[in-house]
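A.B. asks: First to last, the protein sequences are chains X and E. Read left to right, the first sequence gives residues 559 to 631 (my numbering). Read left to right, the second sequence gives residues 20 to 333 (my numbering).
Since the hints were derived computationally from the structure, they do not count as laboratory data. These numbers come from a predicted model, not from an experiment. Each residue gets a CB set at the ideal place from its N, CA and C atoms; glycine is no exception. Take every hint as true, because none was put in to throw you off.
Heads up, incomplete: computed chain X residues facing chain E, CB under 10 Å, no partners named: (1) VAL599; (2) MET600; (3) THR609; (4) GLU611; (5) ILE612; (6) GLU613.
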Amino acid sequence: MSFEKIAELIAENKDMNVADITMETTFEDMELDSLDVIEVVMSIEEAFGITLEIEDSVKTVADLVKLVDSLVQ
Amino acid sequence: MKTIITELLGIEYPILQGGMAWVANASLAGAVSNAGGLGIIGAANAPVEVVREEIRKVRELTDKPFGVNIMLMSPFVDDIAKLVIDEKIKVVTTGAGLPSKYMKDWIEAGIIVIPVVPSCGMAKMVQRSGASAVIAEGGEAGGHIGDLNTMSLVPQVRDAVDIPVIAAGGIADGRGIAAAFMLGASAVQMGTRFLVANECTIHRTYKDKILKSKDIDTMTTGRKLGHPVRALKSPFTRAFQKNENDTAKTLEELEAFGAGALRKAVLEGDEKDGCFMAGQSCGLVKKEQTAVEIIQELMKETIDAFNGGLQWVK
Chain X
559 MSFEKIAELI AENKDMNVAD ITMETTFEDM ELDSLDVIEV VMSIEEAFGI
609 TLEIEDSVKT VADLVKLVDS LVQ
Chain E
20 MKTIITELLG IEYPILQGGM AWVANASLAG AVSNAGGLGI IGAANAPVEV
70 VREEIRKVRE LTDKPFGVNI MLMSPFVDDI AKLVIDEKIK VVTTGAGLPS
120 KYMKDWIEAG IIVIPVVPSC GMAKMVQRSG ASAVIAEGGE AGGHIGDLNT
170 MSLVPQVRDA VDIPVIAAGG IADGRGIAAA FMLGASAVQM GTRFLVANEC
220 TIHRTYKDKI LKSKDIDTMT TGRKLGHPVR ALKSPFTRAF QKNENDTAKT
270 LEELEAFGAG ALRKAVLEGD EKDGCFMAGQ SCGLVKKEQT AVEIIQELMK
320 ETIDAFNGGL QWVK
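Isolated chain X (complex conformation) (with noise of 0.2 Å):
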């Protein structure tokens, strides 16, 4: 499940809960700043060897697993 591999890389990042963390929670929850969010990206694309695109769409937890998914196949 990508979920809780993400979940997980994004607590081990930013030094959270993974238990705070849900599909339903947002970047701005986490008060994760764009260069915040880069550090995520990179790690989660090492971590399924893939490489993302991230759009100003994409905003909360659920967005970023979409996004994985469609891309892990």
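Since the structure of chain X is provided, determine the placement of chain E on it from the hints.
C.D. replies: Chain E only, in chain X's frame:
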């Protein structure tokens, strides 16, 4: 002075002039390029016709290389991204975001892309997208700034990527340039020093304020908006700070309060409502000179600083 950057860009000295909004026009960029540095036109929020006109003016002033800085939050960014291809611009620097989605087209068009980066993650990201170098700009700089300072940022970016690093933020003399090289940079970008170049066309009042300014005369505003700006302390910055601390003010109101303030400073010298952006190095900027004089002096000072590197060691 030859470095990997002077060879990459085909310039004589490892000095880039920052693509400052409203300030970095054809007059300044042409003069810096003629002086052997890399002059850069700041596209900022300007529409495509205005930027095209400046590019053509630079070409009348010089046949040396010059660049265009693209501000990625501009409402015209898509058009400007195309313009630099149509106009066969040699060097593009970018600010205020990740330029990834434009980079493929630029690189295919043979453009040398050098993004301004405030962190190692972003430096790695743009390296992957094909950047030829990065400008690691510390928070001492004027205008829109990141959080890390030049002293910490440059060596970390140097270690994070394999492409050349250009240091920016807080550099206004040869000692700063020599120090930047020690941190791992192979060129520098400077803004504040060029504000008082004879060829810089900003309002007389703006130049006088820079010449008079001391070390403690800048401040940052706009942290609450997520994009802090460094400028000279003024009635405008104090009023902005007051609004920022006023919890009744919405972010939209705050944005609206800042709109147009730089233009008022640059074009009108408006001491009340103008935002006179400047870096912390403003206190080092003491005299007006031509771009040639500035660059010659900087290079002499740099060599002196290198040669005197051990002067404080017993």
